[in-house]
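Student: We have chain S already, so just place chain D on it with the hints.
Chains as they are written, first to last, in the working numbering: chain S, 243 to 678; chain D, 42 to 183.
Hints listed in this document are in silico derivations from the structure and should not be mistaken for laboratory results. Just so we're clear, the structure is a prediction, and the values are computed from it rather than from any experiment. Some hints could be false.
Unchecked claim - Straight-line Cα separation of at most 20 Å, SDA-like style, residue types lysine to any residue; simulated pairs:
{"#": "1", "chain 1": "S", "residue 1": "K375", "chain 2": "D", "residue 2": "R84"}
{"#": "2", "chain 1": "S", "residue 1": "K613", "chain 2": "D", "residue 2": "E112"}
{"#": "3", "chain 1": "D", "residue 1": "K75", "chain 2": "S", "residue 2": "I620"}
{"#": "4", "chain 1": "S", "residue 1": "K278", "chain 2": "S", "residue 2": "C629"}
{"#": "5", "chain 1": "S", "residue 1": "K420", "chain 2": "S", "residue 2": "Y316"}
{"#": "6", "chain 1": "D", "residue 1": "K159", "chain 2": "S", "residue 2": "R530"}
{"#": "7", "chain 1": "D", "residue 1": "K75", "chain 2": "S", "residue 2": "Q616"}
{"#": "8", "chain 1": "S", "residue 1": "K254", "chain 2": "S", "residue 2": "I293"}
{"#": "9", "chain 1": "D", "residue 1": "K75", "chain 2": "S", "residue 2": "K278"}
{"#": "10", "chain 1": "S", "residue 1": "K612", "chain 2": "D", "residue 2": "I47"}
{"#": "11", "chain 1": "S", "residue 1": "K613", "chain 2": "D", "residue 2": "K159"}
{"#": "12", "chain 1": "S", "residue 1": "K613", "chain 2": "D", "residue 2": "R49"}
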Amino acid sequence: MSYQHHSVTLDKGKCVGCTNCLKRCPTEAIRVHGGKAHILDEHCIDCGECIRVCQHHAKVAVTDPLATIGRFPYKIALPAPALYGQFKQLMEINAVARALKSMGFDEVFDVARGADVVSLAVQERLKDPSCPKPLISSSCPAVLRLIQSRFPELIDNVVNVRSPMEVAAAEARMSFAKRNGVDPKDVGCFFITPCAAKMSAIRYPIGHGKSAVDGAISIMEVYGLISSNLRIPPPLPERGEFAATSFGIGWARVGGEATAAEVDDALGVDGIDNVIRVLEEIENNRLRDLVFFEGLACIGGCVGGPLAFENGFIAKSRIHELLKRLPEDKPADVVSASEMEALKGHLYFDKSIEPISGMSLDPDLHVAIKKMEQIEEICDRLPGLDCGSCGSPSCRALAEDIVMGFASENDCLFVLKDRLKEMAKQMVVLSESNRI
Amino acid sequence: MNDSTIYREIYPVEAGNFTSAGEVSQGIKRTLKKLGVDSFVVRHVSVAAYEVELNLVIHSEGGTIELIIDEDCLRLNVQDVGPGIPDVALAMKEGYSTASDDVRNMGFGAGMGLPNMKRNATNFRIQSEVGVGTRIEMEFLL
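Bound-form chain S, shown alone (with noise of 0.2 Å):
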């Protein structure tokens, strides 16, 4: 796999070269050359942390424009649950289909429901002896690319069921075009996301072939919309065949996952640095006694995510609120026998996930082997301040550069001082001598 695309990219003009953002990457996947950021294909994971941090809002995620939904004759908006959370006094979550509707959609399917049936999904899976431990959750996009290149060991422990978004775009398009008697082809799917990586996870699906959903709107994009239609009174459209529960609903933070598929022995952890270290102890063997591991690359989970409006704390504890005002209906009450057989050929992944090999030097050991001799060296002449002014993260990532050729050691400005010093001192040399 040599090019990747990824949804999380660089306005070359609005970037200063500085290192916010270099030294924030979870993943060691920016380097600063020529004064601009770059971003390397394959250690990115779309987790977003650098659009944070960017205080020049150099870093953004590509997502697609509200109008991109006229290519499609019908269209389907289906909401991430966490755009629940976005709205000060909603009531009702109708009153958000509604102004989704507004906005040109014919329909508003949850991703909730999608997340209601893949909640049954994983509780089956949990039932088959066979059954890994710990099943780690397939839900981040960010997360299953953090697997992919960092822990490949543990590809097997992904449960093999699709997001809920997927689920909820193949569900609802099924569902349009039957009861309207239309060309499937002719419905296009719209995922409303607080999500940097879902963009690449549509594009590029893990898991499986060709994605459900035609394309993902910013919930950035949509948040002024929305809100002035919720100021209109109602009536309010009735919440329909396909209401989620509130566990679906409860997916949009961390924990809900693991809450809806009711897993007791769960660990739900949020932040992707807390995600990395969670993830090593289950490499190391640690958490022997975990059934469900739902990692989630933004603090708070999809709450907290880079293209939400509001902050993730404040709208982690709306959806809280909300989630007590609605039915205590579970997934299993909801979902039928007969929904759960005919989305069968949409919910399960059809392709293995294959390992990302970013992290070796070289696929020969002993040139590899050579490789890290030489960084090792490097690293010892190098000062370790880790202060990224060389354009690279680490004085051990800067070792690293140079030996795979894409650096050298002037670029770390404590060695060329040092080395104009000596130069110094030979023209001082020079410039005293009298033989010529």
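Tutor: Structure of chain D alone, referenced to chain S:
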């Protein structure tokens, strides 16, 4: 010493230091991933290295873990200075542990360390002398 050795690195482990516990095995894991060692092998070595590192932190008075890569296998040679193990056969039993309550309260000392090492390594050898120390040699086929 072995003619086919292509890589060797010695890591010291400090006794009783829980702040840095796990760093050596993490370093070993990182090195193996950088070297492109098969992920199945990395997983087994990681688990065994972590268990042995924690054993050194908890039970020994300090020691070293040596990582050796040969043409066809990978080895972890572990040597500690310490009290030694009076009954090795008993120590190898699952669930047997001499760890203190303090250590157990930290989530360690479940008596799975040595059995886990043995399970993850292709070959496992242990020698211990009371009052001197313990030597563990583990081999993992590449």
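Student: Each of the hints needs a verdict: does it hold here or not?
Tutor: Quick rundown of the hints versus the structure:
Between S:K375 and D:R84 the alpha-carbon distance is near 15 Å, which keeps this suggested pair within the 20 Å criterion. Between S:K613 and D:E112, the direct Cα distance comes to roughly 17 Å. Compliance with the 20 Å bound is thereby established for this hinted pair. This hinted pair checks out: D:K75 and S:I620 have alpha carbons roughly 16 Å apart, not beyond 20 Å. With a C-alpha separation of about 17 Å, the suggested pair S:K278 and S:C629 falls inside the 20 Å cut-off, and the hint holds.
A distance of roughly 13 Å separates the Cα atoms of S:K420 and S:Y316; the hinted pair therefore holds under the 20 Å criterion. Between D:K159 and S:R530 the CA atoms are separated by roughly 17 Å; this keeps the pair inside 20 Å, and the hint holds. For the proposed pair D:K75 and S:Q616, the alpha carbon gap of about 13 Å is at most 20 Å, so the pair holds. With a CA separation close to 14 Å, the supplied pair S:K254 and S:I293 stays within the 20 Å bound.
For the suggested pair D:K75 and S:K278, the alpha carbons sit about 27 Å apart, so the restraint of at most 20 Å is broken. Annotation: proposed proximity of S:K612 to D:I47 holds, straight-line Cα distance about 9 Å (limit 20 Å). A distance of roughly 32 Å separates the Cα atoms of S:K613 and D:K159; the hinted pair therefore is violated under the 20 Å criterion. For a cut-off of 20 Å, the pair hint linking S:K613 to D:R49 stands: about 14 Å separates their Cα positions.
Hint compliance for this structure: hints 9 and 11 are broken, all remaining hints hold.
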